[in-house]
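There are 2 protein chains.
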Amino acid sequence: MSNTTIKDIARICGVGVSTVSRAINNHPDINPETKKKIMAVIEEYGFVPNDSARYLKRSESDSIAFLVKGISNPFFLGMVRIMEQFTQKKNYAAILRHVDDDQDEVSVAQALVKERKLKGIVFLGGNFNHTPESLQQIGVPYIFCTVGNEDEFQMEGRPRVRDQVRYANVAVDDLAESEKAVLYLIEQGHRHIGIITEGLDKPSVGQLRFLGYQKALRERGMAFDPNLVYEIKTKSAERYTRENGYLGAQALMRDNPGLTAIFCISDVIAIGAIRAIIDSGRKIPEDVSVVGYDGIDEGKYCVPRLTTIEQPQSEMAEATIQFLFDMIGGKRQPDNLLMPAKLVIRESSGSGYRPEAG
Amino acid sequence: MSNTTIKDIARICGVGVSTVSRAINNHPDINPETKKKIMAVIEEYGFVPNDSARYLKRSESDSIAFLVKGISNPFFLGMVRIMEQFTQKKNYAAILRHVDDDQDEVSVAQALVKERKLKGIVFLGGNFNHTPESLQQIGVPYIFCTVGNEDEFQMEGRPRVRDQVRYANVAVDDLAESEKAVLYLIEQGHRHIGIITEGLDKPSVGQLRFLGYQKALRERGMAFDPNLVYEIKTKSAERYTRENGYLGAQALMRDNPGLTAIFCISDVIAIGAIRAIIDSGRKIPEDVSVVGYDGIDEGKYCVPRLTTIEQPQSEMAEATIQFLFDMIGGKRQPDNLLMPAKLVIRESSGSGYRPEAG
Numbered sequence: 001m002s003n004t005t006i007k008d009i010a011r012i013c014g015v016g017v018s019t020v021s022r023a024i025n026n027h028p029d030i031n032p033e034t035k036k037k038i039m040a041v042i043e044e045y046g047f048v049p050n051d052s053a054r055y056l057k058r059s060e061s062d063s064i065a066f067l068v069k070g071i072s073n074p075f076f077l078g079m080v081r082i083m084e085q086f087t088q089k090k091n092y093a094a095i096l097r098h099v100d101d102d103q104d105e106v107s108v109a110q111a112l113v114k115e116r117k118l119k120g121i122v123f124l125g126g127n128f129n130h131t132p133e134s135l136q137q138i139g140v141p142y143i144f145c146t147v148g149n150e151d152e153f154q155m156e157g158r159p160r161v162r163d164q165v166r167y168a169n170v171a172v173d174d175l176a177e178s179e180k181a182v183l184y185l186i187e188q189g190h191r192h193i194g195i196i197t198e199g200l201d202k203p204s205v206g207q208l209r210f211l212g213y214q215k216a217l218r219e220r221g222m223a224f225d226p227n228l229v230y231e232i233k234t235k236s237a238e239r240y241t242r243e244n245g246y247l248g249a250q251a252l253m254r255d256n257p258g259l260t261a262i263f264c265i266s267d268v269i270a271i272g273a274i275r276a277i278i279d280s281g282r283k284i285p286e287d288v289s290v291v292g293y294d295g296i297d298e299g300k301y302c303v304p305r306l307t308t309i310e311q312p313q314s315e316m317a318e319a320t321i322q323f324l325f326d327m328i329g330g331k332r333q334p335d336n337l338l339m340p341a342k343l344v345i346r347e348s349s350g351s352g353y354r355p356e357a358g
Numbered sequence: 001m002s003n004t005t006i007k008d009i010a011r012i013c014g015v016g017v018s019t020v021s022r023a024i025n026n027h028p029d030i031n032p033e034t035k036k037k038i039m040a041v042i043e044e045y046g047f048v049p050n051d052s053a054r055y056l057k058r059s060e061s062d063s064i065a066f067l068v069k070g071i072s073n074p075f076f077l078g079m080v081r082i083m084e085q086f087t088q089k090k091n092y093a094a095i096l097r098h099v100d101d102d103q104d105e106v107s108v109a110q111a112l113v114k115e116r117k118l119k120g121i122v123f124l125g126g127n128f129n130h131t132p133e134s135l136q137q138i139g140v141p142y143i144f145c146t147v148g149n150e151d152e153f154q155m156e157g158r159p160r161v162r163d164q165v166r167y168a169n170v171a172v173d174d175l176a177e178s179e180k181a182v183l184y185l186i187e188q189g190h191r192h193i194g195i196i197t198e199g200l201d202k203p204s205v206g207q208l209r210f211l212g213y214q215k216a217l218r219e220r221g222m223a224f225d226p227n228l229v230y231e232i233k234t235k236s237a238e239r240y241t242r243e244n245g246y247l248g249a250q251a252l253m254r255d256n257p258g259l260t261a262i263f264c265i266s267d268v269i270a271i272g273a274i275r276a277i278i279d280s281g282r283k284i285p286e287d288v289s290v291v292g293y294d295g296i297d298e299g300k301y302c303v304p305r306l307t308t309i310e311q312p313q314s315e316m317a318e319a320t321i322q323f324l325f326d327m328i329g330g331k332r333q334p335d336n337l338l339m340p341a342k343l344v345i346r347e348s349s350g351s352g353y354r355p356e357a358g
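Protein chains in written order, with the working numbering: chain A, 1 to 358; chain B, 1 to 358.
Careful: at least some of the hints might be erroneous.
Stated by the list, open to error - Below are the BS3-like pairs computed for lysine-lysine, each with C-alpha atoms no more than 25 Å apart in a straight line:
| # | chain 1 | residue 1 | chain 2 | residue 2 |
| --- | --- | --- | --- | --- |
| 1 | A | Lys114 | B | Lys90 |
| 2 | B | Lys283 | A | Lys117 |
| 3 | A | Lys117 | A | Lys90 |
| 4 | A | Lys235 | B | Lys114 |
| 5 | A | Lys89 | A | Lys7 |
| 6 | B | Lys114 | A | Lys7 |
| 7 | A | Lys89 | B | Lys235 |
| 8 | B | Lys331 | A | Lys117 |
| 9 | B | Lys7 | A | Lys114 |
| 10 | A | Lys300 | B | Lys235 |
| 11 | A | Lys215 | A | Lys202 |
| 12 | A | Lys36 | A | Lys90 |
| 13 | B | Lys89 | B | Lys7 |
| 14 | B | Lys90 | B | Lys35 |
| 15 | B | Lys35 | B | Lys331 |
| 16 | A | Lys37 | A | Lys331 |
| 17 | A | Lys114 | B | Lys300 |
| 18 | B | Lys235 | B | Lys202 |
| 19 | B | Lys37 | B | Lys89 |
| 20 | B | Lys7 | B | Lys90 |
| 21 | B | Lys7 | A | Lys300 |
| 22 | A | Lys90 | B | Lys117 |
| 23 | B | Lys89 | A | Lys235 |
| 24 | A | Lys233 | A | Lys215 |
| 25 | B | Lys235 | A | Lys90 |
| 26 | B | Lys90 | A | Lys283 |
| 27 | A | Lys215 | A | Lys180 |
The set of hints was computed from the structure by calculation and includes no laboratory data.
Build the full structure now, drawing on both the sequences and the hints.
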């Protein structure tokens, strides 16, 4: 029986052709027992899936949407790439959707679900400022990934959405990781550490990382100086840019003659800051140290190489998309996944001890 | 009649609600006369589209697919971002699909059309090596963008697919633009110019840019030296990487003591090459000049800033997606659009005259 077709397999197993197709394509919507049986029959009869079987017409609703805020950030794009490949292997279509800064991504999601009958949604980037009611209306499995989410960090005085609705979330501990980066700079002897951040007026990644910066200063008994804070305020979801890092470092150097280090809440911002520092005639790290956040490929090759908080990009992307498919398949309940980041010390940072300060 | 609903408008115009929705949403699939009439009625009665009208359930087939080869290249990702936003404004979904190096994107497209009932396809990156027969089977409007396409450059001894099937294509003249970059290096006095390229064994962007390099040497009566060619051979669609640029520059410096310049067929490759040159203790541009190709944002901030062939990224992306929608709307026939690139001279290149060579 060398020319076994997909129809033969379906007949032998007593299931429909579409069920066989689901088994072959590793589709999550299939009873594991049924799948096992089908795969055993396929093994026995030597059926090799051909193109017409693989591309068997599927429901158009088999799509996952990726809603991205800050889409020009290479960090997010790297994650989309990994998740799209995973989605493709599952034979789902990946719908990419850029969300503007002034758009609410949950409303966008609700509309997309109605229009496209999605099977699941990944929210990437941006901030978590959603109500339990709006989350409950999404109607399909969804997950947040690298979204600034104060819910996870038990910030005082704010009600936790998680206490009212369970949702899935994958992130690093933005507050603690920033604290780690700034503690490292303090240990290197830096006493005038600037920060380039954004979104301080609302719950955001920038706010969380800024709070980590403040916490590190407090722990070491250092005074907080508002002059050392540069807040990016451009009106666009694309605030994590080299240009904003450049402008931020220029302003910090102008306003703080004693500045010896800058912590940037993203790598692209840090790379812009490096350029501004070099253009000002200062040396890195001899005059000014720079620390970024993310761990993008560009930071391994830039001159000087960038010290950074490296988020586990591939692991986070894989965990996120796997989690989503597990929820779609009913195998897992929404939950919070906090992953560890690490401080990677490269060439852009060094001692903050200065002769005149000694 | 302040509470005019979409149903009222439809009744007044004598059309269906979905037609009114198409008019409101600037959908291309609508008779221009009908649209004009509907918009006039809307203006007269003061109807303001609300969410329920805007999100009126649409056919799930209103999607555009973006098939990308080399998806980690920031140049392509920047284009996807622009085209996705355009697609979103047209109220279509953008399906993102990464195509592996060993996959034929036209076959992938044919399968997607069957599965998803797409309205149109953009092929981004990769090489043009398709037969008229396979192109004719796609079945929906499609366009190639920044695809290495020898068809456009009248390469001798090869039959042109364009003579047998009309297809839409947006690109720069890869051969002529590379020639321009290398002529510039020769004019600067460089006599030992390396190249980091890829895909020399088949029609490809790398081959076209390599042919431009050879042509420039020939024009100036310089001998071609195979030792000065580094061909990236990693097995993956992601060959345009900083790492490959790093390895390429290392090899070229090792094999060519007299090397004074490297032309790289992309900016990310050039940025990796810069890092390798600096790590070897050489100065840029005093010892080695580097020229890239693409014009990505990273090249404006890296140290030293990158001299490059700047493709008109935004204009190409906008022209491509506009062209596609025009074809979908029946307003335009497939055609070839060659756009001009420009040589942008920054800090990574300089004089090639050396005391010992004088």
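The hints, checked one at a time:
1. A hinted pair counts as satisfied when its Cα atoms are at most 25 Å apart, and A/Lys114 with B/Lys90 qualifies at roughly 17 Å.
2. Taking the CA atoms of B/Lys283 and A/Lys117, the gap is near 57 Å; set against the 25 Å cutoff, the hint is violated.
3. As the CA atoms of A/Lys117 and A/Lys90 are separated by approximately 17 Å, the hinted pair is consistent with the 25 Å bound.
4. A distance of roughly 41 Å separates the Cα atoms of A/Lys235 and B/Lys114; the hinted pair therefore is violated under the 25 Å criterion.
5. Distance check on the hinted pair: A/Lys89 and A/Lys7 sit about 23 Å apart at the alpha-carbon level, within 25 Å; holds.
6. Pair hint B/Lys114 plus A/Lys7 holds up; C-alpha atoms about 20 Å apart against a cutoff of 25 Å.
7. For the hint pairing A/Lys89 with B/Lys235, the CA-to-CA distance comes to about 19 Å; that is within 25 Å, so the pair holds.
8. Of the supplied pair hints, the one linking B/Lys331 and A/Lys117 is violated, its CA atoms being roughly 30 Å apart against a limit of 25 Å.
9. With a CA separation close to 19 Å, the supplied pair B/Lys7 and A/Lys114 stays within the 25 Å bound.
10. Between A/Lys300 and B/Lys235 the CA atoms are separated by roughly 22 Å; this keeps the pair inside 25 Å, and the hint holds.
11. Restraint check for A/Lys215 and A/Lys202: the C-alpha separation of about 18 Å stays at or below 25 Å, so the hint holds.
12. A distance of roughly 17 Å separates the Cα atoms of A/Lys36 and A/Lys90; the hinted pair therefore holds under the 25 Å criterion.
13. At most 25 Å may separate the alpha-carbon atoms for a hinted pair to count; B/Lys89 and B/Lys7 meet this at roughly 23 Å.
14. Using a Cα cut-off of 25 Å, the hinted pair B/Lys90 and B/Lys35 holds, with the two alpha carbons roughly 15 Å apart.
15. Straight-line distance between C-alpha atoms of B/Lys35 and B/Lys331 comes to about 15 Å, which keeps the hinted pair within the 25 Å bound.
16. The suggested pairing of A/Lys37 with A/Lys331 holds, with an alpha-carbon distance near 20 Å, which does not exceed 25 Å.
17. Restraint check for A/Lys114 and B/Lys300: the C-alpha separation of about 42 Å exceeds 25 Å, so the hint is violated.
18. The straight-line distance between the Cα atoms of B/Lys235 and B/Lys202 is roughly 14 Å, inside the 25 Å bound, and the hint therefore holds.
19. For the hint linking B/Lys37 to B/Lys89, the alpha-carbon distance of about 22 Å falls within 25 Å, and the restraint holds.
20. This hinted pair checks out: B/Lys7 and B/Lys90 have alpha carbons roughly 22 Å apart, not beyond 25 Å.
21. For the suggested pair B/Lys7 and A/Lys300, the alpha carbons sit about 58 Å apart, so the restraint of at most 25 Å is broken.
22. Pair hint A/Lys90 plus B/Lys117 holds up; C-alpha atoms about 19 Å apart against a cutoff of 25 Å.
23. About 19 Å separates the Cα atoms of B/Lys89 and A/Lys235, which keeps this hinted pair within 25 Å; it holds.
24. Among the hinted pairs, A/Lys233 with A/Lys215 is consistent with the structure: their alpha-carbon atoms are about 23 Å apart, no more than 25 Å.
25. With a C-alpha separation of about 23 Å, the suggested pairing of B/Lys235 with A/Lys90 holds against the 25 Å cut-off.
26. Between B/Lys90 and A/Lys283 the alpha-carbon distance is near 49 Å, which puts this suggested pair outside the 25 Å criterion.
27. For the suggested pair A/Lys215 and A/Lys180, the alpha carbons sit about 10 Å apart, so the restraint of at most 25 Å is met.
In this structure, the earlier hints numbered 2, 4, 8, 17, 21, 26 are contradicted, and the remaining ones agree with it.
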